[in-house]
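Fit chain to chain and form the complex, with the hints in mind.
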Amino acid sequence: MKPDPALILRRKIINRLMTSLFIVATTIAVGALVVILGKLLITGASELSPRIFIMNTPAPGAKGGLLNAIFGSVAMTLVAIVTVTPIAVLAGTYLAEYGRGSRLGHVVRFLNDTLLSAPSIIIGLFIYGVIVLRAGHFSGWAGAASLALIALPVIVRTTEDMMRLIPDSLREAAVALGCPYWRMVVSIGWRSARPGIMTGILLAVARISGETAPLLFTALNNQFFTTNMNGPMSSLPVVIFQFAMSPYRDWQSLAWAGALLITASVLFLNVTARAIVSRGSR
Amino acid sequence: MDIDSMEDDPWESATVMVGTACAMRTKTRAPRGAWLEPAFAWITRLSAITVMLVLAGIFVVLFVESIPALRKFGAGFLFSSSWNPVTERFGALAPICGTLVSSLIAMVVGVPLALGVALFLNELCPFRLRPALTVTVELLAAIPSIIYGMWGLFVLAPFMARYIQPALIKWLGPLPVIGSFFQGPPFGIGMLTSGLILGIMILPFIAAVSRQVFATAPPMLREAAYGLGASTWEVCRRVLIPYARTGLLGGIMLGLGRALGETMAVTFVIGNAYKLSGSLFAPGTTISASLANEFTEAIGDVYLSSLLALGLILFLITFSVLFLARFLLQRTEHKVSV
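Taken in order, these protein sequences are the chains called A and B. If you count by the working numbering, then the first sequence holds residues 377 to 658, one letter each, in order. If you count by the working numbering, then the second sequence holds residues 8 to 345, one letter each, in order.
Okay, chain B solo, but in the shape it has when bound (with noise of 0.2 Å):
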């Protein structure tokens, strides 16, 4: 075996150089401890194994929990809007889109700002300020959710409620297609709410890697186009954003994972309503709110086992998400940790 392969794999570079000092026996003596070797080496794997096994016992649990459900329901149960425990006919319609549609909010507001937050930091930010602003950034990252969901109760719920709601029902309310998503009361709780809360959630997250990913662009491109005359804008936008395209993705999915599985932020403003509703006002719920809100008073085999299969489904939404955000971000070579 020649050297370079031998870098690639430690574990079989050990092998060979621990087993050469045994094979020349210059004093007959195999390093103390080598017959510990190969039990060490199954140890770390099994635990890597372990990891693995967690996923996909979550896959099979959550499956074989809801089989009950799906086997009553069939296919119908993804298009019946439909949550009644009296009758025990359940359909996971309105979960569903309030899950996409809350998420789709918070990707409209928070992908915009994330990108602006990564483009100042890296292009724009006086050096000095460079490190405390990025930890900052961060820091909002590390709030709890549940912290998230409580001023988003007790603080922005009744500011929209007085405020924003009313001015957005009397300026975009008339207009003749978008004017039906901003109708009805200002209850202040609801789809825009948690939208919102949403898109300051995932803000962190998005700008974090796509910092990241724009650091990585080589500083000749930048510079060239500096050199050529470009402003910062058209530097930004012609060569950052083109060079960064498949990280800003990925991390833009990874994004749009959080906001779909994301629980505590929204059960409290979603408002708990199995309604289909038009407006953006109207309280809805998610799937990860219905369990947060049902799942301890479910009772019954087929309420429960209904709950689990919008855990399924929820599963299965975000992991597809976030697998190709992971895909994304591999195929970028650079290592972003977030």
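Next comes chain A alone, as it looks inside the complex (with noise of 0.2 Å):
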């Protein structure tokens, strides 16, 4: 059979019509990052200031900083983070051991997964039904939980992840040895997956630092400073957002510089959790 040119022709044009169109995607994805943290750089650079973290969020037309929003985001991502850390890397570490087989390991894998990507909106709202409605307040406490409750889904599924990657003649010569089994999960599987582990707090804590929905209506805002957890507490994405919806030149720039302060802390956690991982594996 002797080739057809019009056929290889049309294949050959087909194939660099096909995979220019893969460049051109990859082009606009590229771009899109670059496009946004252009964005970013240049309005929000121009706005920052030693008076943002120092002063409180103003009213329209005043000068003020971010402080009260600053601290509220730390403070409740920091709370969060330590209350859940312990039952998220417990959560793990029975699904990469004692639950490997079972039954109720693989149900809460899968529901943990599905959590993963769960809307945060609706974690709110859980939040709300939980603790807000019955406290009838709103609080610091409640926007802590409900980023507690987005971290815990990253952290199991890290920690699991992790363990999983530890051979398991490591654990065998442990319990050779005459190790208890908890024993070797402390000792030997907690302590090498400890940088895995380090990496999914650092995810999650990028994760909930960015998080603007869950804190509507569970902690709120609040334009004063308050290291008060019990009452309504502001964060830097409710100001953000609230900032940037608003009509106000002044409040639209300090929008900028809270948008640019989050983007930044939220890559250069990530990073450092890429670059924990690589020098794990190396």
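Treat the hints with care, as some may be off.
[Said to hold, decoys possible] Computed beta-carbon distance windows for the label pairs:
(1) Leu43(B) with Tyr624(A): 58 to 66 Å
(2) Leu43(B) with Leu417(A): 48 to 56 Å
(3) Pro181(B) with Ser654(A): 53 to 61 Å
(4) Arg540(A) with Pro181(B): 55 to 63 Å
(5) Leu43(B) with Gly477(A): 19 to 27 Å
(6) Leu235(B) with Phe644(A): 44 to 52 Å
(7) Leu235(B) with Leu417(A): 46 to 54 Å
(8) Ala139(B) with Pro426(A): 31 to 39 Å
(9) Glu230(B) with Pro381(A): 20 to 28 Å
Quick caveat, the hints were computed from the structure, so don't treat them as lab data. No residue lacks a Cβ here, since even glycine has one placed at the ideal position from N, Cα and C.
Below you can see the structure in the form of structure tokens.
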């Protein structure tokens, strides 16, 4: 059979066309990142000044910073991570060790994966129903609780993944030496998975520090600086939302500065987490 | 018990090993701390059960809180498009349609782009560039959604209003059927802009899953196809995509789940109008945007309960999509992490 030049030409053209479309798609994706970060840097950097860190959110027209919002975000994130980490690490340990082949393990793993991509606003509604309605008021605790629930599946998942990487021969060696299983988990499992678990925690911090939706009706917002977690508390994302949607120029500039702060810290955390993982695997 | 089953279940095997050590009583001493074993195992198990309880709790709370609205409006809640806080007549049709339409636009935009990116990274990209490009695309997923929202409001919306929408009205508006989608004044904000932002947001998720699924295709398949003289596109189209079908569908569903529930990016640019409109340029609302905009201002039990009922609907829609996604991804039996 002779090759048909027309067919070959057509296939070549189609191939060229489609592969260039792949390149176009990648350019668009990378371009989107560049354009978004570029706009953030250009608009946000010009608004950055020391007063952002030492003054509270202003009334429209007045001078001010984002101190209360930054403090609120940091406080709620910290509380959330500190409370949820032990539960999440233990749950991840169960999935990787005790519940490996069990039905409970399968179900929990499946549900955890689902929670991983659950809409965060639903988590906010849940905490509203459980804490805010019962307590009768918005509070920083409720905000922290909703952030904790968003961090939970992230840490569970990474803990499990990291503990699965530990070779079974290590486990067997420990048990053969007469080590109770829990001792093996604590001294060998957690120790060798530590960089991985740290990565999970960092990723969880990155994830929740940008979350806005669950805070809208749990922590609400607060114009003033407060350390009282039992009352409404402001947070960086919620302030950005409020200020960016407002018609006031100076509020919008503050929103851009806040947006730059959040994005910079989230990307920094992500890159650090990646660095930990790649150093561990080398 | 034999060795094989011991490997399946380390908990059991540990009990057996520890137990055997005790039973043999060489020097009559159980391993130190062996008594803590059941406690530790139960603590980890309870923590795992917490994860289940959270999911069950979400459903129960949303359901209980939305009972007043469901009782008052019945099934009509789903089909009524009125949303009037003054007369307390609420219906979920407009937000539900808005959620579905904006997610549909997001899929139309995001899926081809994501597949293009994944195939580029797997087949075409020079090896040296691959790690850098992969990380770049994944960082797109790390940007908080509120940043997408702000960018959409301040950059994309004016751009759409000035350039894209007038062009669409001019070229597509006069067409018989699809023309009706592209009518009306070019506000910039609205369904189309929200869909575009969502599309860009879900791109990295779908791309990440697709790339991982494509990477699981045995190299032999690909090499055999190339050996028979297939072009790069033909390998992608006839070998990789069919091989990865189930996983791809899972990834796409995962992206859809994200798009359906995404709040902040949409809230900025959707326009928040409870109106069903044939035009994609018209402002609308989605379930999540309604919640974000109105929840703290809702006065009265019926209003609040109606909003929570919206939340329940969103929960049911997204979780069925996500369940399906995870089910499909599990069937591929390859570890896919997103």
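Evaluated hints:
Separation of Leu43(B) from Tyr624(A) is about 60 Å and conforms to the stated range, judged on CB atoms against 58 to 66 Å. Roughly 53 Å separates the CB atoms of Leu43(B) and Leu417(A), a value that falls within the hinted 48 to 56 Å. In this structure the supplied range 53 to 61 Å holds for Pro181(B) paired with Ser654(A), their Cβ-Cβ distance being about 55 Å. In this structure the supplied range 55 to 63 Å holds for Arg540(A) paired with Pro181(B), their Cβ-Cβ distance being about 59 Å.
In this structure the supplied range 19 to 27 Å holds for Leu43(B) paired with Gly477(A), their Cβ-Cβ distance being about 23 Å. About 48 Å separates the C-beta atoms of Leu235(B) and Phe644(A), a value consistent with the hinted range of 44 to 52 Å. At about 49 Å, the beta-carbon gap between Leu235(B) and Leu417(A) stays in the expected band of 46 to 54 Å. Distance hint check: the CB atoms of Ala139(B) and Pro426(A) are about 35 Å apart, consistent with the given range 31 to 39 Å.
Between Glu230(B) and Pro381(A) the Cβ separation comes to about 26 Å, which falls inside the hinted range of 20 to 28 Å.
In this structure, every one of the numbered hints holds.
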